[in-house]
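Construct the complete structure from the given sequences, taking the supplied hints into account.
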Amino acid sequence: SEDLPYLRLFSLLLPQVGCGPRNYVQNLEYLLQHTGGVGVSLDLSLQAESAAQMRPALIIRGKALNRKLEYLFPLFRDLITNADFSDVERLKELLMQHLHGMENSIQHSSLRFAINLAGRGFSKAGTLSSLWYGLDYFWFLKELVSSFEKNPQPLIEKLHYIQKHVLGTQGAHLVLGCDEESLIQLKKEGFYGLSDLPLHPFTPWNPDYPIMDTPSQARIIASPVAFTTLLFPSIPYTHPLSAALSLASEIMENRTLHKKIREKGGAYGSGAVSTSVTEQFYFYSYRDPHLKSTLKAFYEAVQGILSMKFNEKDLEEAKFGLFQDLDAPIPPSSRAITAYGRLRGGRTAERRQSFRDALLACSKEDIRRSAHDILI
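Each residue of the sequence shown is one higher than the one before, starting from 634 at the first, in the numbering used here.
It is worth saying that the hints were derived from the structure and are not from the lab. Warning: the hint list may mix true and false statements.
With a straight-line Cα cutoff of 20 Å, these simulated DMTMM-like cross-link-like pairs (lysine to aspartate or glutamate) come out [to be verified]: (1) K820 with E703; (2) K797 with D720; (3) K701 with D711; (4) K725 with E736; (5) K757 with D676; (6) K791 with E722; (7) K783 with E722; (8) K892 with E933; (9) K757 with E635; (10) K696 with E822; (11) K997 with E949; (12) K783 with D720; (13) K725 with E776; (14) K942 with D1006; (15) K997 with E950; (16) K725 with E790; (17) K775 with D636; (18) K942 with E998; (19) K696 with E662; (20) K757 with E682; (21) K757 with D636; (22) K701 with D812; (23) K757 with D769; (24) K952 with D999; (25) K775 with E790; (26) K892 with E950; (27) K946 with D958; (28) K892 with D947; (29) K797 with D829; (30) K946 with D990; (31) K791 with E635; (32) K791 with E726.
Pair by pair, the computed Cβ-Cβ distance ranges are [unchecked claim]: (33) L993 with A685: 23 to 31 Å; (34) T802 with D1006: 37 to 45 Å; (35) E726 with F956: 43 to 51 Å; (36) G672 with L939: 39 to 47 Å; (37) E933 with P873: 20 to 28 Å; (38) S966 with T714: 22 to 30 Å; (39) R977 with K696: 15 to 23 Å; (40) L832 with R977: 14 to 22 Å.
Note that CB positions come from ideal geometry on N, CA and C, so glycine has one too.
Structure, rendered in structure tokens:
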């Protein structure tokens, strides 16, 4: 588990160092000249049946014009086989930039950190999210930057260790979003070196680490307003009440939270979110001059559902709102990876259709029961 924050740092550094025959300056010029960008990210692929089940992956993504594919795929190979983590000055520069960016994020994206912290103590996925993106990662980074100044070698060795054990493993998946002509060309060229990539076996990751205890708390920041969240453990995507709880969140926001927290309280924003993928339900407010009345409004929103203080029109509007999100167009550049992510997480076309059918069939009593069974 002590390597988990390093894995997040590795994913950030990988596309910004030298690789193959190029130093980092030459590599950045190569990226600008031949691609529309390359990035590396981490994905838990939480399963639709239970967020306790996950299929973690490191994802290298890139895009390029069809006539530039001969440059993009060799770049993927270079990143996998020959990234250079030995340039101390470059690593120092990237670490300082990253730390400065995290410090700014805490001030300007405080709500994201609040939600992350609130969910840390309910599941292993929540703990992992904090180790990768939350305050735990920020504290790790601050300590690492300080120690790197004195001795950079331990970090360099750790990055090489992760490089050896994470990249180039058997069972990797290649996901393409392209036209048929480009696919034929890529196959003909052996994907420009990826087809003969040297691979080595790996042991699937076992998430054997403790869940962090996280009591209710407040954090002082340099701001005259608050960023607040109240989070509950929830139910998975395939649960019979999942659709009803999503509708309950919409009704709470429309009927109670907007009026009491934004219109009366003066907050910039507020809402309720049911995220069945992570099995979390949370209320939030941001840039909020109040705390006590906001927390009271959160509980009043739940009571409003339990006492069924909403009508058929409210339910219909909630359904329209959710279907608008479900049916939002996906850009062509994201369709392949979106489809892959759904399949990897077990959100098949059949399950997504079942969720849609459940949304349409939800009654007021279903909404009340979801709030009673999950949030009380």
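Status of each hint after checking the structure:
Our distance criterion of 20 Å between C-alpha atoms is met by K820 and E703, whose separation comes to about 12 Å. Simply put, K797 and D720 have alpha-carbon atoms about 18 Å apart, close enough for the 20 Å limit, and the pair holds. Between K701 and D711 the alpha-carbon distance is near 16 Å, which keeps this suggested pair within the 20 Å criterion. At roughly 17 Å between alpha-carbon atoms, K725 and E736 fall within 20 Å of each other, so this suggested pair holds.
The suggested pairing of K757 with D676 holds, with an alpha-carbon distance near 14 Å, which does not exceed 20 Å. Restraint check for K791 and E722: the C-alpha separation of about 17 Å stays at or below 20 Å, so the hint holds. With a CA separation close to 13 Å, the supplied pair K783 and E722 stays within the 20 Å bound. About 12 Å separates the Cα atoms of K892 and E933, which keeps this hinted pair within 20 Å; it holds.
At most 20 Å may separate the alpha-carbon atoms for a hinted pair to count; K757 and E635 meet this at roughly 14 Å. The straight-line distance between the Cα atoms of K696 and E822 is roughly 18 Å, inside the 20 Å bound, and the hint therefore holds. For the hint linking K997 to E949, the alpha-carbon distance of about 10 Å falls within 20 Å, and the restraint holds. A threshold of 20 Å between alpha carbons decides the hint, and for K783 with D720 the separation of about 15 Å falls inside it, so the pair holds.
At most 20 Å may separate the alpha-carbon atoms for a hinted pair to count; K725 and E776 meet this at roughly 13 Å. At most 20 Å may separate the alpha-carbon atoms for a hinted pair to count; K942 and D1006 meet this at roughly 18 Å. For the suggested pair K997 and E950, the alpha carbons sit about 13 Å apart, so the restraint of at most 20 Å is met. At roughly 15 Å between alpha-carbon atoms, K725 and E790 fall within 20 Å of each other, so this suggested pair holds.
Of the pairs offered as hints, the one joining K775 and D636 holds, with about 16 Å between alpha carbons and a cut-off of 20 Å not exceeded. Simply put, K942 and E998 have alpha-carbon atoms about 12 Å apart, close enough for the 20 Å limit, and the pair holds. Straight-line distance between C-alpha atoms of K696 and E662 comes to about 15 Å, which keeps the hinted pair within the 20 Å bound. For the hint linking K757 to E682, the alpha-carbon distance of about 15 Å falls within 20 Å, and the restraint holds.
Of the pairs offered as hints, the one joining K757 and D636 holds, with about 15 Å between alpha carbons and a cut-off of 20 Å not exceeded. For the suggested pair K701 and D812, the alpha carbons sit about 14 Å apart, so the restraint of at most 20 Å is met. Between K757 and D769, the direct Cα distance comes to roughly 14 Å. Compliance with the 20 Å bound is thereby established for this hinted pair. For the suggested pair K952 and D999, the alpha carbons sit about 13 Å apart, so the restraint of at most 20 Å is met.
Of the supplied pair hints, the one linking K775 and E790 holds, its CA atoms being roughly 19 Å apart against a limit of 20 Å. Distance check on the hinted pair: K892 and E950 sit about 16 Å apart at the alpha-carbon level, within 20 Å; holds. Note on K946 and D958: the hinted pairing holds, with a Cα-Cα distance of about 19 Å set against a maximum of 20 Å. For the hint linking K892 to D947, the alpha-carbon distance of about 14 Å falls within 20 Å, and the restraint holds.
Restraint check for K797 and D829: the C-alpha separation of about 17 Å stays at or below 20 Å, so the hint holds. Among the hinted pairs, K946 with D990 is consistent with the structure: their alpha-carbon atoms are about 19 Å apart, no more than 20 Å. Between the alpha carbons of K791 and E635 the distance comes to roughly 11 Å, so the proposed pair stays at or under 20 Å and holds. Among the hinted pairs, K791 with E726 is consistent with the structure: their alpha-carbon atoms are about 18 Å apart, no more than 20 Å.
The hinted window of 23 to 31 Å between L993 and A685 holds, with their beta carbons roughly 29 Å apart. For T802 paired with D1006, a C-beta distance near 42 Å keeps the hint of 37 to 45 Å intact. A hinted range of 43 to 51 Å for the beta carbons of E726 and F956 is consistent with their spacing of about 47 Å. At roughly 44 Å, the beta-carbon separation of G672 and L939 lies within the given 39 to 47 Å, and the hint holds.
A hinted range of 20 to 28 Å holds for the C-beta pair E933 and P873, which are about 27 Å apart. The hinted range of 22 to 30 Å is satisfied by S966 and T714, whose Cβ atoms lie roughly 26 Å apart. Hint check: R977 to K696, Cβ distance near 20 Å, so the stated range 15 to 23 Å holds. Distance hint check: the CB atoms of L832 and R977 are about 20 Å apart, consistent with the given range 14 to 22 Å.
The structure is consistent with each of the numbered hints, conforming to all of them.
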